[in-house]
Every structure is written in structure tokens, then in C-alpha cells.
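> I would like the entire structure built from these sequences, with the hints used as guidance.
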Amino acid sequence: MDDSTKDTGTGVSRREWLKTAGLAGAAAVVPGALQQSVPAGGVVREPLETLTQPEADALEAVAARLIPSDEHGPGAREARAAHYIDRALGGALASSREAYRDGLAAVDRYARSTKGERFADLSPADQDAVLTDMERNVATGFVPSASAFFALLRTHTIHGTFCDPYYGGNRNFVGWDLIGYPGLRLAVAEADQRLDAKPAPSHTSAYDDAMFAPKPPRAGLWLRLIRHAD
Amino acid sequence: MPTSQPSPADVVIIGLGAAGGVAALPLARAGLTVVGLEAGRRHSPADFAPDELRNNVRGWPHAVQKANREIPTHRPNASSPTLPRLAVHPMMNAVGGTSLHYWAQSWRLNPWDFKVVSETTRRYGASRVPRGSTIEDWPLDYAELEPYYDAVEYEIGVSGKAGNVNGTIDPRGNVFEGPRRREYPMPPLRRTGFTEMMADAARSLGWRPFPGPAAINSQPNQDRSACMYHGYCDRGGCHVSAKNSTAVTTIPRAEATGRLTVVTEATVTRIEVDARGRASGVRYLKDGRELFQPARVVLLASYVYENVRLLLLSTSPAFPRGLSNNRGQVGRHYFAHNLGGGATALFPRDLNTWYGLPAQGTAVDDWADDNFDHSGLDFIGGGNLFLYSDRRPIAAANMNTFGKAPQWGSRWKAFVSENADRWKNAYLQKTTLPYEDNYLDLDPVVKDPLGFPVCRITFDFKENERRVAAFVQEKAVQWLQAAGAIAIERGSVNPTGPTTHAYGGTRMGFDAETNVVDRWGFSHEVPNLGILGASVMGTSGSRNPTLTVQALAWRTADHLVKSWSQRADA
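In the order they appear, the protein sequences are chains W and H.
Here the numbering used here is used: position 188 in the first sequence is 185, and no number is missing along the way.
Every number in the numbering used here is 107 more than the matching position in the second sequence, counting from 1.
Keep in mind the hints are simulated off the structure, nothing from the lab.
For every residue, glycine included, the Cβ atom is placed at its ideal position computed from N, Cα and C.
Mixed in with the good hints, there may be bad ones.
Unchecked claim - Straight-line Cα separation of at most 20 angstroms, SDA-like style, residue types lysine to any residue; simulated pairs:
#	chain 1	residue 1	chain 2	residue 2
1	W	K195	H	D457
2	H	K511	W	E132
3	H	K669	H	D625
4	W	K195	H	K669
5	H	K222	H	T621
6	W	K195	H	T621
Claimed, not checked - If you only want the chain W side, here are some residues facing chain H, beta carbon under 8 angstroms, derived:
#	residue
7	K112
8	R133
9	I176
10	D189
11	F209
What the hints assert, rightly or not - Label-pair restraints from in silico Cβ distances:
#	chain 1	residue 1	chain 2	residue 2	range
12	H	V552	W	V140	38 to 48 angstroms
13	H	P556	W	V140	54 to 64 angstroms
14	W	L149	H	G232	47 to 57 angstroms
15	W	D193	H	G232	19 to 29 angstroms
16	H	S524	W	D118	24 to 34 angstroms
17	H	A577	W	A102	46 to 56 angstroms
18	W	R94	H	E525	55 to 65 angstroms
19	W	T129	H	A194	23 to 33 angstroms
20	H	T371	W	A102	41 to 51 angstroms
The following block contains the structure:
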């Protein structure tokens, strides 16, 4: 098996194609979404697929504190963990949509009442204080509990940072590079399993391989394909 | 009433997984017509993308399966409330069943596991058999099952290193295993830097490590590829069909005889009996229609929970408490394998276990079964210790931080960045016994979407299991420390709900008062009803159940062929 296969049969890599599809599809149903991109820190935010803008602002800020961009390299913001969650909430994680609606509103309410600003506008230190209160379950206004929503955010931020990039997170493999995962190899050589081996990062998605690639897209099915990605 | 009657079969098998998928082959080869009713679908290698999020986090390919609509409930004892129900059933429905994506560790039980009562009594006295346990000797011994172990190992393909061929001990294999008639059909899976490191550590303690056996091709085999070691074997099917599930071995061979008909997406709702109380066939739903499959013999081969449930749901005037349950034994002698109480270690160096598979490991049997003297100990049995090469990124990032870092933020990130490839869990499988007050029945409240009660598990570990766990855990800690671990976290033994290692409920034994099936796997009460799977097993041993389940399935099928005129309904 050759893990360098990236062609889906359309001459476009799966990843590149999804990026394009995401932009085109979402722009069609969310007018003006493209103007929402926030290039702070050099990270471009994708058009929203499920969350509202205020929800997404809070979620982006939370993810950026859970796995921060720092001297150890890029974090959840660059991995686009929030984008992963936004997309999944319209698909596989749809049952969590309500929890995010209520929970993110509660995060902003609690941030305003204790720190005077919505969460996204607080300093990193104040943001960490709010998250610590949530983790310890002393933050008020959450149903069923602040710690439960904190755990949900942490779990999904980790998923979005370390999953296959096919799902919209782990952009540019920053999650896998962060922990030293050398990436997918459909065939692994004996030498790559030695104790001191350091296989070079493969930087491929499972769905880059023709064997696993969903059927080539047809015109007019952009949105269906986006949902399928969940 | 059923709207359609398929033509009668000699044998109908309920469930084409690890057990039913094996039994179909000797039956079809003997010339019997076999219908396999399978709740799931067929899968192909293209379905098995190496995708941790889908396979391990979101539970694919379990999703939208029959089993997922029938997840058992669980309570630790009869007076405790039911615990929160699992979101995903541990097993899947498919042609090939869970053997499509299981770990494929393919162990024979130790000879001791078949004769725990008599061997314990002989060596330590009868008082050492734990009180409250309903354990019996199996109605057969290791030597009687050996030909069937051998048949399955060669038919599906198992890799490993023999430690005992006809009594000749080979220290490169498991020196504690029972005698086998010949070497494995394939050499063990590849050794890795990490598995060699653990083998060296075990030897430094005076233990006898060996490579674990696996139903996975270590070399090209039967026109299929060798393992590619890509790291997504746990809950992922094989993209090159190197995992020897029944879907790529026995089932297609049985179909090639022209005598096995596979019906997919068939939900079985009842086993029917005639006026004489003999099984007459199986009622099932497919494509919104109810059908009846008449057969001269019925083989029940779904998973432990569903085997028990279907019998209890198949009530009739002859069997008012459920099929084959006039003595109240269906659901009794249930137990979940004692897999808790693990040990997680942090090492001061990268282990490079990003690739490999759970079956690619180093095993230690020095502390398993009755391989060591229990005279001064307060328990019977033991555990197999196993360390393997396997890691995926989400699980790696979700690592235990050993009290050295918070759970998020920059310090967490720095810790995980350094240590994601420096930790390992020891996999510890331990002797588990049946007890009077651990059992399966029907849940009085929770029902599936068809309106049938789901299975209810009443189960907790007892003193013997907790003592075995503590003893074996310390051995694992010793091993990890000998390998250079700098921090170790000990896991606890908790009540276990639905599990991939479930046993009992339709136990096999001589005594019809305490067992559901006879020594051949056929019901004491319904002579043309056979039951396959770990539900017939009365002890667990210290190792994965599947190969024993498959050997027993082959033996039951072989018995049926040889005794067809007595077993089959006229």
C-alpha cells in the first residue's frame, strides 16, 4: 500500500477539496459569513456551519486557552478545533448542540458577571480564571453543571486537535506534530518499529487514500458532502 | 403470523460472528444445508479506514446496529439501582461479527481452566474453592478440545510460537501451555523495540516472556496479505484482510460449497418449538417483513447477552420461563472477565509504539492460572500479563498525567508534548469465577424499539477476583519498574457492565440441574438446539476467549454432523 496516494480521482486532494467545499457551501447558506474571518494570530476562521457568531467567539477563545499557542508551538486555535466542533455539531455531535447553546451562553454570562466582559474579550489570565472555576464546578449558571460542560469542551477540543484532518480539525497536522505522532502509514516497515526510530511525519489523512476516499463529488452536492464529513 | 416461509434448512444459525461463522464451515462441508441469519451487513476493506475518531471515539462500525438498540442494563447486585447505561454496545453486528475488528489475540485456555474444582481440591484442599461460587469442572478437558483448537488455528490462520509440542518444551513459546500437536501455522507477529524491551525486563526478573498468539497473518497466508502494522487494529477492521475474521476465512469457504445461505440484516425475534418441545425454526424480521425459517436443528450463536435474552424471550407452553429454562439455569453462572486493576507506567524515553497492534506484544504467564504455588496465598487462579505496541493520537493526548501536570493549558500541553509516547498500560487478564448472585435476566423496565425487554446484568467481582487482581497488579508493577518506569498509576477493580469478555448464562456441563447445555453444546432440554459462544463457558481462564469459543463451535458442529440422525428433528 502506498501512503503517498493523495489523488481522489478528481485531480484534487481530498483535503484541499473539502476546504473549498466548506467555503463554497457555507457561503451559500450563510450570507456574509466570509466577512467574519478573524485573522488574529494569523489564523483564518472558516465560515460557520452550526454555531452562531457569539457562540463561536466564545468557543474559539476557550479552545485557545485549553490548548494554547505558545513557545511549544501552535495549539487548538491553529488546529481549528473550534471549526471541528462547529461542523460536528451539525452532524455526529448534533445531540450536543443544545449543551453548547446553553453552555457557551453560560460561559459569557459568568465571564460578564465576574470579570465584566464576554469571555472572548477577557485577558488570558481572566479567561483561565473562568475556566478554572468551571473545572472546579464553582462557576454558576450552568445546567447541569459547569464541570460537565468544561469536560465536554475539553474532550471535544482534544478530538478537534488530534483527529484526522478530514473532520475539519488538526489543520496542517499541528496536533499530530505537537505530540510527535509520525502520522498514518498504511504499511509500516520493521525499522519504523525500532525503539530509536524517528519516522518522518507522513502528513496524510486516511481519506487521502483512494481506497477510503468517499465517492468523487458531483455538482450540486456540496452541502451533502460537508455533512458526510461528520 | 409470518408473511413468508423460506424453504426449510437442515440447520439455521442465529448470528454469523466468531462462533456461528466457524460452525457453518464443517456443517456445509458435510453436505448439510445451512441458513445463517445475521443482524448486520457485509463489510469490505474500504470500510476500514484508519480513523481513530470514527472507530474508537464514535463507535463505528457499531453505529446503527441491532446490538446498539439492545444494550444491556447493569446493576452490581440485586438491591442496588441500575447504573447509567452504556451508550454503545461493546460488540457489533456484521457478517463476521466482532471478529472483524477484535484484537485477535487467539489463546488456548490452560489445561487447569477446564478442571479448576478438582485440581484445586487435589492440590490445596476443597476449602480453597471460593465460597458462593457455582464453579464446576468443565465436562471436557483440554486434551479433548485440542484437536478443535488445532483445526481452528489452521483453518483461520493463527500466528504464534509453540511452547509445548507433544510435551517437548520450547522456551521461545509459552512453557506453561498445554501440549499441542504441532507448531502454529505462522510464526509470531514481528517483534518491536518496545516488545523486546519488555521481554528483556521480564527475563531480568527470572520470568519467561513469549510473543502472544494472534489470528493475524504474520506472513502472506491463504492468498491474503501479511499484517501492515498501521496502528488502527483496535476497533478497526483490516484494510488488507490480514486479520483472520470469519468474514474472510470460514464464511466465504462455507458459501463456496453452495450450501450456506447468508441472510443479512435479519433480526431474530424468537426460536419456535413444536408441540413436542423441539426447536422447529426461527422467526425473524427483514425489510419490515416477518419471516419464519424452518430448520431441523437451530444453532444459537449471537453474543452472550443476546443468547440469554433470546432464550428468555422464546416462551411457549412447553417452556413457560423461556426456552431451555425449565430448570431456571438460563442466565445463571454469568461473569464478566476480570480485566480491571491495571497498571499505567510513565517511562523516561520515547517508546515508539505509534505503530503496531494490540496483539503484537510480549506476554508473561508465570503468574497465570495455577502456574505458581498458591499454598501460602488466599486466592486461586492468576493472570496473564501483556504489554503491546499500539497507540493512536487522541488516546495518546488523553494520557494520565501522573500528578505531574494540570489537565489543560500550557503546562498540560508541554507535558503531553513530551510524554505522549512515553506511557503504557499493562493488559492484565485474570481468572474469574461464576457466583450464585451474579446473573443475567430480562430488564423489567428498559425495552428495545420492538418492545422486547433488554438483558439485565446483575454482577460484581468477589473477594477471589479482587485478591487475584491485587496480586497480578503488583507483578505488573514489578515488570514495568524492571523496564525502567519512573511513575506508575494503579487502576482499581470496578463493577463491570456490558463487556467484550462476557461468559456464562447457558453454561455447559454434565448436570442438567445446573447447566443449560450438555457436553456437546446442545440443550439438555431441547436436543436439537445447540448454543455457541462464551455463554457456554464455565471459567474464563486468564486470556481472551475467542479461540476457545471457536474451538467449541467447531466441536459442536462436528458432533452434529456425526450424530445427525439422533439430533436432527424429523
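> Hint by hint, note whether the structure agrees.
Outcome of the hint check:
1. W:K195 to H:D457: 10 angstroms, holds
2. H:K511 to W:E132: 18 angstroms, holds
3. H:K669 to H:D625: 16 angstroms, holds
4. W:K195 to H:K669: Violated. W:K195 to H:K669 sits at ~57 angstroms, over the 20 angstroms cutoff.
5. H:K222 to H:T621: At roughly 17 angstroms apart (the allowed maximum being 20 angstroms), H:T621 and H:K222 satisfy the hint.
6. W:K195 to H:T621: 57 angstroms, violated
7. K112: 18 angstroms, violated
8. R133: Hint violated; W:R133 Cβ to chain H Cβ min 11 angstroms, cut 8 angstroms.
9. I176: At about 4 angstroms, which falls below the 8 angstroms cut-off, the nearest Cβ of chain H leaves the hint on W:I176 intact, so it holds.
10. D189: Nearest chain H Cβ about 6 angstroms off; hint holds.
11. F209: Hint on W:F209: holds, closest Cβ of chain H at ~4 angstroms, below 8 angstroms.
12. H:V552 to W:V140: 38 to 48 angstroms: This hint is violated: roughly 26 angstroms between Cβ atoms.
13. H:P556 to W:V140: 54 to 64 angstroms: Violated, at about 29 angstroms.
14. W:L149 to H:G232: 47 to 57 angstroms: About 54 angstroms separates the Cβ atoms of W:L149 and H:G232, which means 47 to 57 angstroms holds.
15. W:D193 to H:G232: 19 to 29 angstroms: Since W:D193 and H:G232 have Cβ atoms about 52 angstroms apart, the given range 19 to 29 angstroms is violated.
16. H:S524 to W:D118: 24 to 34 angstroms: Hint holds: Cβ distance 29 angstroms, inside 24 to 34 angstroms.
17. H:A577 to W:A102: 46 to 56 angstroms: For H:A577 and W:A102 the Cβ distance comes to about 47 angstroms; the hint holds.
18. W:R94 to H:E525: 55 to 65 angstroms: This hint is violated: roughly 36 angstroms between Cβ atoms.
19. W:T129 to H:A194: 23 to 33 angstroms: With Cβ atoms ~29 angstroms apart, the hint holds.
20. H:T371 to W:A102: 41 to 51 angstroms: 46 angstroms, holds
The structure is inconsistent with the numbered hints 4, 6, 7, 8, 12, 13, 15 and 18, although it conforms to all the rest.
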